[in-house]
Amino acid sequence: MVTIKILGSGCANCKRLEQEVREALTGSSIDYEIVKVTDYADIMTYGILSTPGLVMNEQVLAAGRIPKRQQILEWASQFDGRQ
Amino acid sequence: MRASEFVRVRDDRLAFLVVGLLGVIWIIAYNNLQPFADWATYTLLGLSRESQLGEAVNFFLYDVPKILLLLSGMIFLITLVQTFINTERVRALVEKRGAGVGNLMASIFGAITPFCSCSSVPLFIGFVQAGIPLGITFSFLITSPIMNEVAFVMLLGLFGWKVALLYLASGIIIGVVAGLILGQMKLERYVEPFVYAVKSRGGQAVTPDDRPTWVERFGQAAESTREIVGRVWLFVIIGIGIGAFIHGFVPEDALTGIMGAGAWWSVPASVLLGIPLYSNAAGIIPIVSAMLGKGAALGTVLAFMMSVVALSLPEMIILRKVLKPQLIAIFVSVVALSIIATGYLFNLVV
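So the protein lines, in turn, are chains A and B. With this note's numbering, letter number 48 in the first sequence gets 112, and the count goes up by one each step, no holes. With this note's numbering, letter number 316 in the second sequence gets 1012, and the count goes up by one each step, no holes.
Heads up, some of the hints might be wrong.
What the hints assert, rightly or not - Simulated pairs of lysine to aspartate or glutamate, EDC-like, Cα-Cα distance not exceeding 16 Å:
#1 A:K100 <-> A:E82
#2 B:K1017 <-> A:D106
#3 A:K132 <-> A:E87
#4 B:K762 <-> B:E784
#5 B:K895 <-> A:E84
#6 A:K132 <-> A:E97
#7 A:K132 <-> A:D95
#8 B:K1017 <-> B:E912
#9 A:K100 <-> A:E122
#10 A:K79 <-> A:D95
#11 B:K1017 <-> B:E884
#12 A:K132 <-> B:D949
#13 B:K895 <-> A:E87
#14 B:K1020 <-> B:E888
#15 A:K79 <-> B:D734
#16 A:K132 <-> B:E912
#17 B:K762 <-> B:E791
#18 A:K132 <-> A:D106
#19 B:K1020 <-> B:E884
#20 B:K1017 <-> A:D103
#21 B:K990 <-> B:E923
Said to hold, decoys possible - Here are some of the chain B residues that sit facing chain A, going by a computed Cβ distance under 10 Å:
#22 I723
#23 N727
#24 Q748
#25 L749
#26 T809
#27 C812
#28 V817
#29 L819
#30 Q825
#31 E884
#32 E888
#33 A893
#34 K1017
#35 Q1022
No wet-lab data here; the hints were simulated from the structure. Just so it is clear, CB atoms sit at the ideal spot from N, CA and C, and this is done for glycine as well.
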């Protein structure tokens, strides 16, 4: 199970990132859950300086940008394969 | 050269070719705006060159394509530059400086970053976490909303490069001066306590695996441009429409009495009026530009515009996430006073 966290307080790009993640993983066999982290006190514990932030299994993968779907799928597969 | 490297270089060359071609088309279009407007007004619509209506329509048909072209081109360049800014590195640079140089660097940084809840709040907390003094952090926080890329490009198009640069310089100076003043006021107790309590989990958080390719940079810049221009184009057209009406129908010197340099109270009045007006920076600049032609003073007009752009309710809602109401009140007062001072200065000098 990959735990994917979307860091951001509901800005437009945060919603887009969540959508991209869902679409990237649709049809794959990866078992995942999406957690939205909207509180700045929590967001900032990840040490990012701009949102949206993308975290998988507690590792920060991107901040302040929306990665390509292909890249998201690649990351998720890597984390999925580690278990 | 590895295969992936080869693909990267080839794709980048193709991207440069496409962007270069679009640039050439842009330059040709930009240089034919007046002939186009003249043809559309006097030949296509058959309006008389001497009529007030003809003058207003010609003004509108020249300014709308000009500003939309300028916005697309310049916003693309600005957002392209933004893809090169590494926030972590900027923070590390500012961290090493004291008051003064630190304020200046933070203010310049604020000028190039857009103000939004997505970056300004995390940056504020990130600066505080790094132990950067509050005054320097405020220099960033003040200049960021004052300097708006859309406002900058519209000033460039409607007032010329001197006024656009004046706007840029005064935005940075206001940030530095107001940051230095706020830094002396010991305002730490008015920052929301959680900001100081936040502990990073340690370690370098984001380690970008490699630099973005040019294809990605161009793609990001194109996407941001589409989003920004998509948000403001309607305001631009409406604003230029009203401006064209003023240009064609309002008599010269109609505004000298109320907005001229002689009316001392007009600067604070326009700043106060500008605070509740929001998000119409794109629409308001063409209107104030037309007012300038009717006797309004440049300082008064610029102060009004900066107040519209820099102080707004949505901005205060964003700031409220990290600042207590008292500090927001101090923040707004200091920025408003700085803008008023800038307005007087321009009226005096220009």
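Consistency of the hints with the structure:
Distance restraint check for A:K100 and A:E82: the Cα-Cα separation of roughly 9 Å lies within the 16 Å cut-off, and the hinted pair is therefore satisfied. Restraint check: the Cα-Cα separation between B:K1017 and A:D106 comes to about 13 Å, which is no more than 16 Å; the hinted pair holds. About 11 Å separates the Cα atoms of A:K132 and A:E87, which keeps this hinted pair within 16 Å; it holds. As the CA atoms of B:K762 and B:E784 are separated by approximately 37 Å, the hinted pair breaks the 16 Å bound.
Note on B:K895 and A:E84: the hinted pairing is violated, with a Cα-Cα distance of about 29 Å set against a maximum of 16 Å. The suggested pairing of A:K132 with A:E97 is violated, with an alpha-carbon distance near 19 Å, which exceeds 16 Å. With a C-alpha separation of about 20 Å, the suggested pair A:K132 and A:D95 falls outside the 16 Å cut-off, and the hint is violated. Taking the CA atoms of B:K1017 and B:E912, the gap is about 33 Å. The hint is violated against a cut of 16 Å.
Note on A:K100 and A:E122: the hinted pairing holds, with a Cα-Cα distance of about 13 Å set against a maximum of 16 Å. For the proposed pair A:K79 and A:D95, the alpha carbon gap of about 21 Å is over 16 Å, so the pair is violated. Annotation: proposed proximity of B:K1017 to B:E884 holds, straight-line Cα distance about 15 Å (limit 16 Å). Straight-line distance between C-alpha atoms of A:K132 and B:D949 comes to about 56 Å, which puts the hinted pair past the 16 Å bound.
Proximity of B:K895 to A:E87 is assessed by CA-CA distance (about 33 Å); at most 16 Å being required, the pair is judged violated. Restraint check for B:K1020 and B:E888: the C-alpha separation of about 6 Å stays at or below 16 Å, so the hint holds. As the CA atoms of A:K79 and B:D734 are separated by approximately 45 Å, the hinted pair breaks the 16 Å bound. Restraint check for A:K132 and B:E912: satisfied, since their Cα atoms lie roughly 10 Å apart, inside the 16 Å limit.
Pair hint B:K762 plus B:E791 does not hold up; C-alpha atoms about 42 Å apart against a cutoff of 16 Å. Taken as a hint, the A:K132 and A:D106 pair is broken in the structure, with Cα atoms around 25 Å apart against an allowance of 16 Å. Simply put, B:K1020 and B:E884 have alpha-carbon atoms about 10 Å apart, close enough for the 16 Å limit, and the pair holds. The hinted pair formed by B:K1017 and A:D103 meets the criterion: a straight-line CA distance of about 10 Å does not exceed 16 Å.
For the hint linking B:K990 to B:E923, the alpha-carbon distance of about 34 Å lies beyond 16 Å, and the restraint is violated. The criterion of a C-beta within 10 Å of any C-beta in chain A is not met by B:I723, whose closest approach is roughly 30 Å, and the hint is violated. For the restraint placing B:N727 at the interface with chain A, the shortest Cβ-Cβ distance is roughly 35 Å, beyond the 10 Å limit, so the hint is violated. Because the closest C-beta pair between B:Q748 and chain A is about 43 Å apart, greater than 10 Å, the hint is violated.
Taken as an interface hint, B:L749 does not check out: its beta carbon lies about 41 Å from the nearest beta carbon of chain A, beyond 10 Å. Checking B:T809 against chain A: minimum C-beta separation of about 9 Å stays under 10 Å; hint holds. The closest approach between the C-beta of B:C812 and any C-beta of chain A is roughly 7 Å, which is under the 10 Å cut-off, so the hint is satisfied. The closest approach between the C-beta of B:V817 and any C-beta of chain A is roughly 6 Å, which is under the 10 Å cut-off, so the hint is satisfied.
Because the beta carbon of B:L819 sits about 6 Å from the nearest beta carbon in chain A, less than 10 Å, this interface hint is met. Because the smallest distance between the Cβ of B:Q825 and any Cβ of chain A comes to about 7 Å, under 10 Å, the interface hint for this residue holds. The interface hint given for B:E884 is violated, since its Cβ lies 17 Å from the closest Cβ of chain A, which is over the 10 Å cut-off. A cut of 10 Å between beta carbons decides the hint on B:E888: the least distance to chain A is about 9 Å, and the hint holds.
Proximity of B:A893 to chain A holds as hinted, the smallest CB-CB distance being about 7 Å (cut-off 10 Å). Using the Cβ-Cβ criterion of 10 Å, the hint placing B:K1017 at the interface with chain A is satisfied: the shortest such distance is roughly 6 Å. Checking B:Q1022 against chain A by beta carbon gives a least distance of about 20 Å; that is not within 10 Å, so the hint is violated.
When each numbered hint is compared with the structure, violations occur for hints 4, 5, 6, 7, 8, 10, 12, 13, 15, 17, 18, 21, 22, 23, 24, 25, 31, 35.
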